[in-house]
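J.: Listed below, chain by chain, are the residues.
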Amino acid sequence: MLARTIQRFSVVAKRGYAAAAPAANANPEELRLTFASPDTAVFSNAVVKQVDVPTLAGMVGVLANHVPTIGVLKPGVVSVTTNEGTVQRLFVSSGTLSVNIDGSCQVLAEEVLKVEEIDESAARAELDAAQRASGEGSEVARAEAQIRAEVAEALIKAATNQQ
Amino acid sequence: MLRQGAGTLQLVSQGFANAEQARGFATLKDISIRLKSVKNIQKITKSMKMVAAAKYAKAERELKGARAYGVGAKTFFDNIDPVVEGVEKQESKKQVLVLITSDRGLCGGVHSSIVKEAKNILNNAGDKEIRVVAIGDKSRAGLQRLYANSILLSGNEIGRAPPSFADASIAAKAILDSGYDFETGTILFNRFKTVVSYETSKLQILPLEAIKAKEALSTYDSVDDDVLQSYSEYSLAQLIYYGMKESATSEQSSRMTAMDGASKNAGEMIDKLTLAFNRTRQAVITRELIEIISGAACV
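Residue numbers (my numbering), protein chains in the order written: chain A, 1 to 163; chain B, 164 to 462.
Some clues are possibly wrong.
Unchecked claim - No farther apart than 35 Å at their CA atoms in a straight line, the calculated lysine-lysine pairs in the DSBU-like style are these:
id : chain 1 : residue 1 : chain 2 : residue 2
1  : B       : K237      : A       : K114
2  : B       : K237      : A       : K74
3  : A       : K49       : B       : K365
4  : B       : K375      : B       : K279
5  : A       : K74       : B       : K218
6  : B       : K227      : A       : K114
7  : B       : K227      : B       : K375
8  : B       : K356      : A       : K114
9  : A       : K49       : B       : K227
10 : B       : K427      : B       : K212
11 : A       : K114      : B       : K427
12 : B       : K227      : A       : K74
13 : B       : K356      : A       : K49
14 : A       : K157      : B       : K336
15 : A       : K49       : B       : K427
16 : A       : K74       : B       : K377
17 : A       : K157      : B       : K237
18 : B       : K336      : A       : K74
19 : B       : K365      : B       : K375
20 : A       : K74       : B       : K375
21 : B       : K377      : A       : K49
22 : A       : K114      : B       : K218
23 : B       : K365      : B       : K257
24 : B       : K435      : A       : K74
25 : B       : K227      : A       : K157
26 : A       : K74       : B       : K427
27 : B       : K202      : B       : K221
28 : B       : K192      : B       : K206
29 : A       : K74       : B       : K257
It should be emphasised that the hints constitute simulated quantities derived from the structure, not laboratory data.
The model shown is predicted, which means the values in this text are computed figures rather than measured ones.
Build the full structure now, drawing on both the sequences and the hints.
T.: See the structure below:
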């Protein structure tokens, strides 16, 4: 009984807060996306239709009213479908995904690059270098090289449109 | 690089080197030396202002993106741990305080306002254990005398170049590897408002265990330990990065204002000294004339 009243109270309090905060005004039927790298924001709390995000647990497609979740990005292509139906494809290296209780979605990547801007030959050179480096050195250096190779591979895949 | 704290204080004895200064009336030579040095100082502060202005413009441009990033990183924590007005949060016993300053001074009160806030928190700690992570020499120097034992980590070599995500990752990794398992944490930074104003703000950080304990987490889907750990580590770096960016922008804008003020003050001093110089020169000429005339009158 007590627990229930407390719970009810907390819901009421939360509502009050949400109404007071101007940022959380949008309705939960919309998907509000924040997609940013450390120095540029591609989308900042913009309403979009769908986001497809590569995470360690597999590709996650987020539509409005998605159940709250969190995830860790893996190198790959994030595609964002805007309300007008245009699709933007951007490469991300690593980062986090969160879909929150208030209906907002954050994709925060360490590096963001438009798929059209990927230099395929540079990615191939990077892959070769990383593969060479992954066979030698300390354990940490090998692991780092493996990650580099993984990113380079994903870059090539994205550039050649295999995803 | 960050290194384990508990400072190694170094004391250097200072001889009484400040010799007796010339007393009495300032001669023409004294004033001209003074005038020259003030002019040089003005040149320096002017160019520092120009440099700060250029750096500020860059920092402000970058802050726009960083703000979206930081606010995004914060959203998850706001969602699982909402701030309910009127309800005091339960204070946890073991806390960590991350102070974001830089190595460089001459920028008004940005660093001291952070140190002041930290001192305030440490003063009212009561039976809580609060350890400090001092990023930037200025915050360490500010706390070293009174709270040297509270410093968990301190790091420098920040402030010359704009902070990068790599810097934040290093700091986050050092905090996670320090072996101090805190229950909650706070980042103290200066939130940039306008060119002339900033606000010393707090940003809450939650380590893995604290996130797990939150009730709201159960509404989140497909949360396993691996993901949660990576997520919490990553968001620590993201939040530190955000704090660093805000602080760096505040610092540059504040330095710009401070150096502008210094140049103006130097200008005022130059005016006064020039007046004094001219007066003294005139006085010397008059005295010499009087000497000549009275000498001639004697003959």
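J.: List, from low to high, the hint numbers that the structure doesn't satisfy.
T.: Checked against the structure, the hints that fail are numbers 11, 15, 24, 26, while the rest are satisfied.
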